[in-house]
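Asks: Using the sequences provided together with the hints, build the complete structure.
Going down the list, the sequences are from chains A and B.
Position in the first sequence counted from 1, then plus 2, gives you the numbering used here.
Position in the second sequence counted from 1, then plus 2, gives you the numbering used here.
Hint data in this document are derived by calculation from the structure and do not stem from the laboratory.
Please note that the accuracy of each hint is not assured.
Stated by the list, open to error - Here are the simulated DMTMM-like pairs of lysine to aspartate or glutamate, each with C-alpha atoms no more than 20 Å apart in a straight line:
hint, chain 1, residue 1, chain 2, residue 2
1, B, Lys267, B, Asp355
2, B, Lys219, A, Glu190
3, B, Lys219, B, Glu169
4, B, Lys279, B, Glu263
5, B, Lys267, B, Asp280
6, A, Lys219, B, Glu190
7, B, Lys155, B, Asp363
8, B, Lys65, B, Glu29
9, A, Lys162, A, Asp137
10, B, Lys218, A, Glu190
11, A, Lys218, B, Glu190
2 protein chains.
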Amino acid sequence: MAMGIGSPGVGARIDRLRKVMESFRLEGLLITGPENRRYFSGFTATDPMLTESSGALLILPGKSYLLTDSRYAVIAGIEAPGFEIVNTVGGLGHCLKGIVGDGKALAFEPNYMTVAQCRRLSEDDGLNLIASPFDPSVLRISKDSDEINHIVKALGITEKALGWLFERLEPGWTEAEAAWYLDSTFRELGAQGPAFETIVASGPQAALPHAEPGEKKIMEGELVVIDCGARYKGYASDITRTFIKGEPAKWQRDIYRTVREAQLKAIGAIAPGVACKDVDAVARAHIAQAGHFERFGHSLGHGVGLAVHEFPSLNPVNGQKLVEGAVVTVEPGIYLPGQGGVRLEQLVLVTADGARVLNGDTHFYDF
Amino acid sequence: MAMGIGSPGVGARIDRLRKVMESFRLEGLLITGPENRRYFSGFTATDPMLTESSGALLILPGKSYLLTDSRYAVIAGIEAPGFEIVNTVGGLGHCLKGIVGDGKALAFEPNYMTVAQCRRLSEDDGLNLIASPFDPSVLRISKDSDEINHIVKALGITEKALGWLFERLEPGWTEAEAAWYLDSTFRELGAQGPAFETIVASGPQAALPHAEPGEKKIMEGELVVIDCGARYKGYASDITRTFIKGEPAKWQRDIYRTVREAQLKAIGAIAPGVACKDVDAVARAHIAQAGHFERFGHSLGHGVGLAVHEFPSLNPVNGQKLVEGAVVTVEPGIYLPGQGGVRLEQLVLVTADGARVLNGDTHFYDF
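Replies: Below, the structure written as structure tokens:
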């Protein structure tokens, strides 16, 4: 994939971030979360492991720094032209201390710093670290048009691959073969690859919301839940369809119809200012009415962007209100242990006056 | 990929862990690192995101628990038969409190717990958390025969794919095409996929040790550094070769030969009881002698197992001594800015009386 040279939106994002920092009287903010790092700088490197970072941002009121090591310094300079690139050859803490100086409080992201790292920076390097009073990720909730275009492109690739799979898939394919068909097609269609581990769960496996695709063969008459999403220019997509080869049984039609109705009702409830939990409640009430309340054990949806799971969460307790520009999944499901399950997931943009489904495909059954 | 039913070594691993816990008088240990979780339980689920866990282990002197959510509970029960499976529907901290009770100190892995999570467990759930005085990952350094077999299998797949690429690769292929050829071939040969993001860096890009493969075309006469590794049954492999299509220039032959000589010397120095930094020093001295000390900017190597980077690190300062059964990379390099680079990486098992190279291929040049 070609690498972008800077990102036109980055300057405005940093301005917004500085305004929030100012409102909390923060003198400095250390960004270690990989998606926030990319969002606020344009630096595209990912973290190779949970315990290995490709860099951190230091945002001060008047200047921005990108601290990284020699492996990434050259590309960082190209991708994040508004940042002073600091090579952390002497250690991250030592470099931070050199810039921030003594005493000044430095806010950090408690969700993206390990206890070990926090201890090293505080005790060994003598930094005055404070947990940030706000999560910079909230600034990523409302997407700009470039971001929406990337998500739509990622979703389009996913739908094309799913459509081709649907045409080809025959009883006898293993779940793993179906998953690999999708993953490889994503890449051949220009995506970076899957944004998360593709789920293909057939028959009784389909009653496990996050089953790993295995050597189990897909059989005629089984519900097959496929949950996948390509990643494009850093942006994730996320879609779930439930397929069946052969003639569906009445119970299969029934739960499918209930899930689809719940989904359509929930999408109809989406608009700026509506609480996330109220959208969840619409779908959950419909499923409860059909007698399956206990069989819908997960949240209705979640935000999608640079991360496949991000704010806001559409769950039964989140009182946060939806805002224009948010992109969320709407994915109700019914899972009957030992029998099978149905989950259907659409990707929805919150618009000024309601919601726009970003999916272009029509891979739904009419039962 | 088929899922293993338990792992014969898990019981012995927990026994060793309990002995170390006892020596530190630990009453309980919480394991949150994904590789340690798998190693000590056999539970194969990975973590979907940096901030999302598929489960944690609680090791008490007399009993072991695997805490996970409804998405994984069924498979956890199959894969980790020696563990009591606890569904964390009420929250991880709440469940831990219910098992551990009041006051008892619970050790945790500071490298695998975020500040936010530590705060929730301590302040909200009232657990008495203490940073573990030892890192459970050190118990993974010495591999058993099953582990070595998995690594050798992963390495064999990688070498087969690399060999095929080497036969096919022509000037004009992009770096991204070469990387995708490897990644897809890994999977077709039975691996889970790449263990880390495949690096294909040609020409001046090859002077950046961790360049991302892009749309740049591979040209005749350019050094092409390829660093990749398939993953098999959870185990990583890691290999680097430097290729050139066409006739190499003298400077290219010279740095290639120096790197290969440094590698062979370092491998010759490997044996149980030798300090990691002394192995690094052997390679570094050879490269320095050729006048390229400044052009070898990274560590000589690292452990490989469930994680692609794990203990021990072969770097200039690590005084830790090598032990029998450790699997480490030996990967010296010389990088000339603006021109190109050479890195060569072998995977080496520390044996009772020295070292055994696990690689089977002969993709080295003789210059």
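Asks: Return the numbers of the hints above that this structure violates; sort them in rising order.
Replies: Violated: hint 9 alone.
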